[in-house]
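Given the coordinates of chain H, work out where chain L should sit on it, guided by the hints.
This is what each chain is made of:
Number of protein chains: 2
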Amino acid sequence: MSRALDQLIAALQRLPGVGVKSASRMAYHLLQHDPQGARHLADALVQAVDQVRHCQRCHTFTQDEICDTCADPARDDGLLCVVETPADQAALERTGVYRGRYFVLMGKLSPLSGVGPSDIGLEKLLHRLQGDAGAVVREVVLATSFTAEGEATAHVIAQLLKSRGVKVTRLARGVPVGSELEYVDLGTIAHAYADRR
Amino acid sequence: MSRALDQLIAALQRLPGVGVKSASRMAYHLLQHDPQGARHLADALVQAVDQVRHCQRCHTFTQDEICDTCADPARDDGLLCVVETPADQAALERTGVYRGRYFVLMGKLSPLSGVGPSDIGLEKLLHRLQGDAGAVVREVVLATSFTAEGEATAHVIAQLLKSRGVKVTRLARGVPVGSELEYVDLGTIAHAYADRR
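Sequence lines, in order, name chains H and L.
Just so it is clear: in the first sequence, position 108 is 107 by numbering that gives the first Met the number 0, and no numbers are missing.
Just so it is clear: in the second sequence, position 168 is 167 by numbering that gives the first Met the number 0, and no numbers are missing.
These are calculated hints, taken from the structure and not from any lab test.
What you are looking at is a predicted structure, and each value in this text was computed from that prediction instead of being measured.
A few of these clues could be false.
Only pairs whose alpha carbons sit at most 20 Å apart, straight line, appear in this in silico EDC-like list of lysine to aspartate or glutamate [said to hold, decoys possible]:
{"#": "1", "chain 1": "H", "residue 1": "K166", "chain 2": "H", "residue 2": "E179"}
{"#": "2", "chain 1": "L", "residue 1": "K123", "chain 2": "L", "residue 2": "D63"}
{"#": "3", "chain 1": "L", "residue 1": "K20", "chain 2": "H", "residue 2": "D87"}
{"#": "4", "chain 1": "H", "residue 1": "K161", "chain 2": "H", "residue 2": "E150"}
{"#": "5", "chain 1": "L", "residue 1": "K166", "chain 2": "L", "residue 2": "E122"}
{"#": "6", "chain 1": "L", "residue 1": "K161", "chain 2": "L", "residue 2": "E122"}
{"#": "7", "chain 1": "H", "residue 1": "K20", "chain 2": "L", "residue 2": "E92"}
{"#": "8", "chain 1": "L", "residue 1": "K123", "chain 2": "L", "residue 2": "D184"}
{"#": "9", "chain 1": "H", "residue 1": "K20", "chain 2": "L", "residue 2": "D87"}
{"#": "10", "chain 1": "L", "residue 1": "K20", "chain 2": "H", "residue 2": "E92"}
{"#": "11", "chain 1": "L", "residue 1": "K161", "chain 2": "L", "residue 2": "E150"}
{"#": "12", "chain 1": "L", "residue 1": "K161", "chain 2": "L", "residue 2": "E181"}
Extracted from the complex, chain H is given alone in its bound form:
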């Protein structure tokens, strides 16, 4: 084989979810069918690493001091939604039902992986709620994942904020739209029953 090819296969394995077989397939594909795509990807990687940073207010990725969502004057400053990732934020945005501000943790509490409160910007979140911008926040909506780690993260944030007198809500647990009850897991049905309305 070739050293440059081996190094490319090794480098591709730093991508999440990519093992040695996928990495080989990707490398062969780029070299054989899409060298232009490979150069394009190299440029995009360098550009992104050089230019993308965290929004000073909500912690999401942006190229500016303040991201577009935080800079948008039409949004409700009284609502602050806490999500784990920009992808979660994007999912909520696509629903079109939320017009408040965001705080993006860029992770979740995970003691087993060594991710503690300081790694997910909780101090920044508290600082934001205490500063000028936070003076008007009426409600913090916790939209972390409904997994063990996401729930633990939501719990810790809820405790922190409630002790400071902030109103905290959580997205509802329940049966997903379009599902047949027969195929929904028992924990979900139990929650949906308890929170019936």
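This is chain L only, laid out in the frame that chain H set:
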């Protein structure tokens, strides 16, 4: 979001098997947890595209005129194994049973995708068998995939070579080692029965 981030997510989708969700996850991971890995990948991409080319003799990827396998004087020039990809070649090499030369098609015939004989280097293969190096080839072993396209490729090559008086063999079809007959597909069992020994 950010233009550089959007462009990175778009560029990552040029990798085979990567859609918009995986690409987003990869981009967030690199920016949040592994910017060094992103730079490293960018370098590896450029290095590989600049340095890797096709071996003059077997058509596989290499950085030199002739790849290591073709340059190895200890290999049997009388055997030539035809495989679809460097990954297939590597799989055969790991078995340790084959000590001849290779010819790597870098693809397979696929009329539906517009891949014809000229795209998989069949002329180069014929040229090789006719040239000085080919004078001593006793047997060509066809080791293309046992899929419809791989079988068609093997068939076309076999016809070409047999008409030129070259001995052509194909890897045996049969029951995989370690399998219980109950779970093996019928076509495989039928082939294993026909080729029993």
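Give me the numbers of the hints this structure contradicts, sorted from smallest to largest. 1, 8, 12
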